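Trainee: Given chain A's structure and the hints, the job is docking chain B onto it.
As a plain string of letters, each chain reads:
2 protein chains.
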Amino acid sequence: MRGVVLNAPGDVQVVDREDPVVVEQTDAVIRLTATCVCGSDLWPYRGIEDVHGPAVMGHEYVGIVEEVGAEVRTIRPGQFVVGSFFASDNTCEICRAGYQSRCFHSVPIGGIGTQSQYARIPLADGTLVPTPGLPDESLVPSLLAASDVLGTGWFGAVAAEAGPGKTIAVVGDGAVGLLGVLAAKTLGAKRIIAMSRHESRQRLAEEFGATDIVAERGDAGIERVRELTGGLGAHGVIEAVGTQESMMQAIRSTRAGGHVGYVGVSHDVNLPGNELFFSAVHLHGGPAPVRRFLPELIDLVWNRQIDPGKVFDLALPLEDAAEGYRAMDERRAIKTLLRP
Amino acid sequence: MRGVVLNAPGDVQVVDREDPVVVEQTDAVIRLTATCVCGSDLWPYRGIEDVHGPAVMGHEYVGIVEEVGAEVRTIRPGQFVVGSFFASDNTCEICRAGYQSRCFHSVPIGGIGTQSQYARIPLADGTLVPTPGLPDESLVPSLLAASDVLGTGWFGAVAAEAGPGKTIAVVGDGAVGLLGVLAAKTLGAKRIIAMSRHESRQRLAEEFGATDIVAERGDAGIERVRELTGGLGAHGVIEAVGTQESMMQAIRSTRAGGHVGYVGVSHDVNLPGNELFFSAVHLHGGPAPVRRFLPELIDLVWNRQIDPGKVFDLALPLEDAAEGYRAMDERRAIKTLLRP
Chain A
18 MRGVVLNAPG DVQVVDREDP VVVEQTDAVI RLTATCVCGS DLWPYRGIED VHGPAVMGHE
78 YVGIVEEVGA EVRTIRPGQF VVGSFFASDN TCEICRAGYQ SRCFHSVPIG GIGTQSQYAR
138 IPLADGTLVP TPGLPDESLV PSLLAASDVL GTGWFGAVAA EAGPGKTIAV VGDGAVGLLG
198 VLAAKTLGAK RIIAMSRHES RQRLAEEFGA TDIVAERGDA GIERVRELTG GLGAHGVIEA
258 VGTQESMMQA IRSTRAGGHV GYVGVSHDVN LPGNELFFSA VHLHGGPAPV RRFLPELIDL
318 VWNRQIDPGK VFDLALPLED AAEGYRAMDE RRAIKTLLRP
Chain B
18 MRGVVLNAPG DVQVVDREDP VVVEQTDAVI RLTATCVCGS DLWPYRGIED VHGPAVMGHE
78 YVGIVEEVGA EVRTIRPGQF VVGSFFASDN TCEICRAGYQ SRCFHSVPIG GIGTQSQYAR
138 IPLADGTLVP TPGLPDESLV PSLLAASDVL GTGWFGAVAA EAGPGKTIAV VGDGAVGLLG
198 VLAAKTLGAK RIIAMSRHES RQRLAEEFGA TDIVAERGDA GIERVRELTG GLGAHGVIEA
258 VGTQESMMQA IRSTRAGGHV GYVGVSHDVN LPGNELFFSA VHLHGGPAPV RRFLPELIDL
318 VWNRQIDPGK VFDLALPLED AAEGYRAMDE RRAIKTLLRP
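Protein chains in written order, with this note's numbering: chain A, 18 to 357; chain B, 18 to 357.
Worth flagging that the hints you see were computed from the coordinates, not collected in a lab. Honestly, I wouldn't trust all of these hints.
As the list claims (entries may be wrong) - What the simulated footprint calls covered on chain A by chain B, stretch by stretch (three residues with Cβ under 8 Å from a Cβ of chain B suffice, anywhere in the stretch; the number is not a length):
#, region
1, 114-120
2, 264-275
3, 278-290
4, 296-307
None of these values were measured; they are calculated from a predicted model. Ideal placement from N, C-alpha and C gives every residue a C-beta, glycine not left out.
Isolated chain A (complex conformation):
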């Protein structure tokens, strides 16, 4: 099969890879209908994370089940499935508490690489969620979004305790931040402040439910959020970047007793204990337990109540993956969908 590898920073290539097969009897092999490039793929692409190339890439996926191991009970060949970027048994105590991304037996899908034609998915029964039937082509981008960026933005909104009557601010205007806006809106937030300097992203944020746009960053952005919230700060803030600046912006934009939901993968962040202590905020985040939300998200997409697939503003054949990475790196695209 064909699949993407990153040889070194900036060097994306589509190569022949071995066809995946069932290894553990709890595995499924899926044929990918669509996959995509993640904001987190840009960290190694930009050389900010080490690359030990050639490294397989990709952890977002939707597709058709081709084959299952002997111990797979609920997933069957022919089903259209959505899964998360961590395989999980969905039965251990941590999974049952809703933290499937930290499952006792979790397997990171990034090590398998789903920017490819086929993929082996471990712990198929616990990981994959079938859709009610084969989806219409128009639903595929939104189902793919559920695999990570929607599920991650949703977790950020849940961790920020978005809900009726709440004012929620969102730091970061990438796909996750934008879908954090959509999640906050769907969860009933009254006012949603999107922090973005890019006009096209501001427009999409508004389409997803943002009521206010703050173009300022850093201290000026914090000041603006406080002005918009009677000097108190937002009830909840979704942090969807993962840098020191964005984390401090999120914490300082949250009122005392409010909630920061942080889902940007943390890079060189150090939180000052004293400031955190006196901020009196709740801090929760990490790798989103997307599996917890998948049934609900698939339902919302299937019934066309939400259209998160709009974050894909570029769709390319898998063979053109290199251009897909470049477009995101140069911020010409919010998110690139790849068709295997």
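Mentor: Frame of chain A; chain B shown alone:
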């Protein structure tokens, strides 16, 4: 009146101070029945925090209302009252959300100094909670504990989401940690792991409801908590010290998706973002909004359902405050009660 000042690290003195009077019409002046030395008073006493002496000391208090300002509506002279270490209006949006310690108009009582015979309490209606009547002498230590250490331990337990079926670990065996044990027990926790190396404190922890004692610290302590919890970590951990070591011990002893309630005043703490991200814990804490809990805590004490006053293992006249500080500094006493 007489009152405690700290002239320089280690130099506690009882001096003549001006009698307090009503300044703002929302003030009350109280005559202290009892006051005490806080673990946080030891930071400047030990020179870890700067001292600009002579500095007034003390922020815990119970006593009789002597006089109130013209705008005080609910508090009346003659009432026995308990208050917190932050005065709060108890009407602003932050107070109504239960974060009175971060009230928009909060006043730190530490700047007023309650290790004294009288004290001016700002925002009396919002800050002070009267007891049902004049308390029996035997209840005074427990009511005084509610003013800070019980309220703070209680907040730690609430932030750690202590409740039925939960395993809660407690880092720190000072008065706050010990009362965190009592709070977790009262809130229904099934298993309470107290981390302590001191035999007398271990005994009091057990008396307050600890089911397990872990004497190991650092990595060995974390390992022991994980062993006791099937490799997962505790559901919730109360952090009641405020150092880098204790914070990391708390975070690493908590299972993914669990809750760290941190109430030790933070000193030179820096939390590594990457580790925090992948821990997937909830982090919440800060200066405890004791006012939120005071009515419930007074009720529990008044009905003799809890006896938090046991943390006072030394009681001295106010004039002997220096010895009270010394005994705590040398860990001869858990907590010193002072009688003005």
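Trainee: Mind taking a look at whether chain B covers the region 114-120 of chain A? Criterion is 3 or more residues with CB to CB distance under 8 Å.
Mentor: As far as the region 114-120 of chain A goes, the hint holds, because 5 residues have Cβ atoms under 8 Å from chain B.
Trainee: Verify the coverage statement for the region 278-290 of chain A against chain B, using a C-beta to C-beta distance below 8 Å and requiring 3 or more qualifying residues.
Mentor: holds (count 10)
Trainee: With a Cβ-Cβ cutoff of 8 Å, does the region 264-275 of chain A contain at least three residues near chain B?
Mentor: Satisfied; 4 residues make the cut.
Trainee: Checking C-beta pairs, does the region 296-307 of chain A have three or more residues closer than 8 Å to chain B?
Mentor: holds (count 10)
When each numbered hint is compared with the structure, no violation occurs for any of them.
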